[in-house]
Amino acid sequence: MDVLILSRLQFAVSTFFHFLFVPLTLGLSILVAYMEWKYVKTGDELYLRMTRFWGRLFVVNFAIGVVTGITLEFQFGTNWSRYSEYVGDIFGSLLAIEATVAFFLESTFLAIWIFGWKRISKKLHAWCITLVAIASTMSAFWILAANAWMQHPVGYVIRNGRAELTDFLAVITQKNAIMAFLHTVSASYILAGFFVMGVSAYHLLRKQNEPLFTRSFRIALVFALAFSFFEVAQGHLNGNMIAERQPAKMAACDAHWETMSNAPLYLFAIPDEKNERNSVELLPIPGLFSFLAFNSTSAVVKGLKDFPRDERPPVLLTFISFRSMVGLGFLFILLTATGWLLRKKLMQYPLYLKIMLFAIPLPYIAIELGWMVAEVGRQPWIVYGLMKTSDAVSPIAKSQVLTSFIGFLVLYSILGITNLFLLIKLIRRGPEATQLSDQTEEAAV
Amino acid sequence: METVWFIIWGFLWGVYFLLDGFDFGAGILMPFIAREETDRRKIFNSIGPFWDGNEVWLITAGGVTFAAFPGAYATMFSTLYSPLMLILFALIIRGAGLAMRGETENPSVRRWWDRSFVIGSFVAALLFGVAFANIFSGILFDGDGVFHGSLLTLLNPYGLLGGLLFLIFFLMHGAIWLAFKTENQLHDRASLLSGWFWVILTALSVIFLILTVFATDLYANYLNNPLLFAIPALMVTGLVFSGIFIRQKAWKKAWFASSLYIFSSTLFGVIGMYPSLLPSSIDPAFSRTIHNSASSPLTLKIMLVVVLIFIPLVIVYQAWAYRIFRGKVSGDISGYHEGV
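These protein sequence lines map, in sequence, to chains A and B.
Numbered per our numbering, the first sequence spans residues 1 to 445.
Numbered per our numbering, the second sequence spans residues 446 to 785.
Hints listed in this document are in silico derivations from the structure and should not be mistaken for laboratory results.
Remember, it's a predicted structure, so these values are computed and weren't measured experimentally.
Hints may be right or wrong, so weigh each one.
[Unchecked claim] With a Cα cut of at most 30 Å, we get these calculated DSS-like pairs of lysine-lysine:
1) K697/B to K118/A
2) K207/A to K425/A
3) K274/A to K305/A
4) K302/A to K274/A
5) K207/A to K38/A
6) K773/B to K118/A
7) K38/A to K354/A
8) K773/B to K123/A
9) K425/A to K122/A
10) K345/A to K207/A
11) K41/A to K118/A
12) K175/A to K746/B
13) K698/B to K118/A
14) K773/B to K697/B
15) K122/A to K773/B
16) K38/A to K118/A
17) K354/A to K425/A
18) K345/A to K38/A
Given only the sequences and the hints, what does the whole structure look like? Please build it.
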């Protein structure tokens with residue numbers, strides 16, 4: 001293991017861990033804002049109890065998201081100093097805008113929301129969580145625009161030995177940025193929907209707080225259903241874009257070795273990278289891969305063999321991640337569509353509720369796999385076609401990176417486990433404990 | 446344009462230290478002045494609504510370093526790898542402690558969150574001081590941005606003195622904040638300590654400024670341009686008035702005075718380095734300056750528009766947040782549990 005591998009592992013661990021918390025923040029902030037506005041408009045106490053129960057989980061989740069987020073911005077400097085210097089003119093500004101425009105808004109108004117129940121009017125209070133939702137969405141846009149630039153650099157020129165910005169609008173309005181934003185945000189909404197449905201299912205199975213959790217379940221169901229359909233349709237367009245702009249990634253997604261027209265998709269395949277083939281290929285659907293890439297079953301799709309070996313991403317990892325992500329995407333449609341049919345009589349279908357409870361982790365897995373496809377599939381490039389990952393790493397000592405990497409592993413394991421237990425505890429306790437002023441409760445900060 | 450960004454850069458670090466400084470200080474003080482659970486709750490409640498918003502100033506200062514001076518950002522953060530990672534870990538355990546301590550009923554678990562909050566505050570405050578003192582005196586890196594020292598070379602006497610200075614800065618600032626926000630015994634202890642910290646801080650500042658003559662070139666800019674002595678004048682004003690207001694028990698004013706002191710001290714160091722953002726102690730020719738590390742004029746222009754619109758806006762709504770949570774805090778339940 002050298003500095004490069006360790007730095008990559010460290011970045012992977014810290015981003016993947018951070019991204020366990022971000023999507024729930026993105027989706028749940030909208031759901032909680034919706035619940036609170038319903039309360040403000042109708043005065044129905046049930047909506048208030050919902051707001052407070054889901055809001056509490058939101059806050060706990062958000063806290064870990066925040067503390068694990070700071071390290072990411074700084075790691076570009078600590079571990080990827082060559083990259084930072086080469087592209088900071090563009091990439092750095094997007095990160096700085098994210099902080100200035102979104103993070104301040106998000107953290108300040110969330111604090112007012114958490115601590116201000118008694119200090120500001122109901123309407124203003126609902127506005128606070130709305131601003132949090134808007135701010136986190138904006139933050140997602142800026143960071144995804146930055147990532148999109150790594151996938152498909154535009155609006156720049158190589159000058160003074162580095163990439164310099166020439167067209168800011170091109171950077172933030174390019175197709176990759178819009179697509180990545182739509183794809184990630186919808187995935188986050190699906191995740192939040194499944195989270196709310198799963199937790200609600202837990203209580204409905206125990207016949208606790210039926211009105212509150214039935215209503216929560218239905219709100220989340222509509223949300224997740226709509227975005228599950230949207231995600232698959234939009235994902236197809238995403239595939240078209242990748243086929244056109246990152247053909248090596250597309251080929252790796254399907255372990256497609258030979259350039260051919262009418263390229264099939266094998267329902268089951270095992271890639272063998274060493275021998276540049278798939279050791280097993282079963283159940284081909286003729287032309288489907290050509291269709292996925294270029295909307296035509298007869299289209300020619302370039303195979304991995306036509307890329308130099310040192311410009312191919314790791315095939316097995318990209319392939320498995322892509323497959324599983326897509327499979328899960330279709331499963332989400334199936335589960336939410338079933339939910340739609342059963343929505344009026346949920347209590348009569350404990351099996352469905354049980355499935356939804358155990359489905360909570362699935363969108364988490366799907367969304368991390370999605371990042372795996374995006375980032376591993378981009379390799380060996382850190383900025384596609386412009387800079388290789390191996391040229392981007394800092395001139396630092398291996399011992400430093402090893403130490404910090406172990407530090408991250410230990411710290412994040414402890415945080416992850418304690419946070420999981422805390423969420424489970426709060427979920428089990430249900431809405432009673434989080435509502436209304438109760439002097440015997442513990443202080444929260 | 447680069448000079449404007451240099452000033453914004455110093456401004457952001459100054460604001461960050463004056464804001465996160467008081468919650469660092471309150472955290473370090475906790476084990477010494479909070480004897481009962483209600484005291485500890487008061488301390489948490491006094492910083493609960495603010496610490497996260499304060500920390501965003503760090504993210505922004507870091508982000509602006511990246512956006513406006515990517516060359517300096519790259520060299521600074523990679524040469525200071527070990528202390529920076531320790532700061533980040535400290536900020537993580539501190540934030541986790543702040544967020545989690547209220548979520549547990551088990552006193553021994555809560556002790557652990559308290560410890561992580563206290564240790565995190567201490568380590569971050571100390572290492573920020575060590576890092577900045579080293580930046581002022583120059584860091585052992587070559588023309589290729591490669592660091593030729595180790596964590597130990599950063600822990601040199603001047604660096605450690607910088608760390609100590611930052612600790613006392615934040616301890617006084619935190620003590621004043623707690624005296625301002627609390628009542629009874631906790632208030633009494635905090636106000637007593639703030640007076641002592643003022644004495645120590647004054648002595649330490651003098652020693653530090655004298656050693657700065659030998660360890661750094663910070664004074665050169667001031668001697669070349671005497672108008673700049675306005676900044677040390679602000680430092681003296683801040684320090685003297687924080688002493689006066691502590692004596693008068695005018696806590697709000699004392700807090701503003703000590704904020705001025707922290708802010709102008711940061712600016713003093715930063716302006717002293719101009720045009721460097723990160724001097725090299727191997728050869729000044731290797732230093733990362735506004736000339737060899739700045740972004741393109743277009744990026745600087747776009748970022749300037751963003752910053753000029755949004756930073757004033759941030760200041761307005763953060764000030765509003767401070768207003769909402771004005772007044773003394775209680776040791777009761779608070780926060781999410783305050784109810785409706």
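Hint check results:
| no. | hint | in the structure |
| --- | --- | --- |
| 1 | K697/B to K118/A | holds, 24 Å |
| 2 | K207/A to K425/A | holds, 18 Å |
| 3 | K274/A to K305/A | holds, 12 Å |
| 4 | K302/A to K274/A | holds, 19 Å |
| 5 | K207/A to K38/A | holds, 24 Å |
| 6 | K773/B to K118/A | holds, 15 Å |
| 7 | K38/A to K354/A | holds, 28 Å |
| 8 | K773/B to K123/A | holds, 25 Å |
| 9 | K425/A to K122/A | holds, 28 Å |
| 10 | K345/A to K207/A | holds, 13 Å |
| 11 | K41/A to K118/A | holds, 18 Å |
| 12 | K175/A to K746/B | holds, 25 Å |
| 13 | K698/B to K118/A | holds, 28 Å |
| 14 | K773/B to K697/B | holds, 12 Å |
| 15 | K122/A to K773/B | holds, 23 Å |
| 16 | K38/A to K118/A | holds, 19 Å |
| 17 | K354/A to K425/A | holds, 19 Å |
| 18 | K345/A to K38/A | holds, 23 Å |
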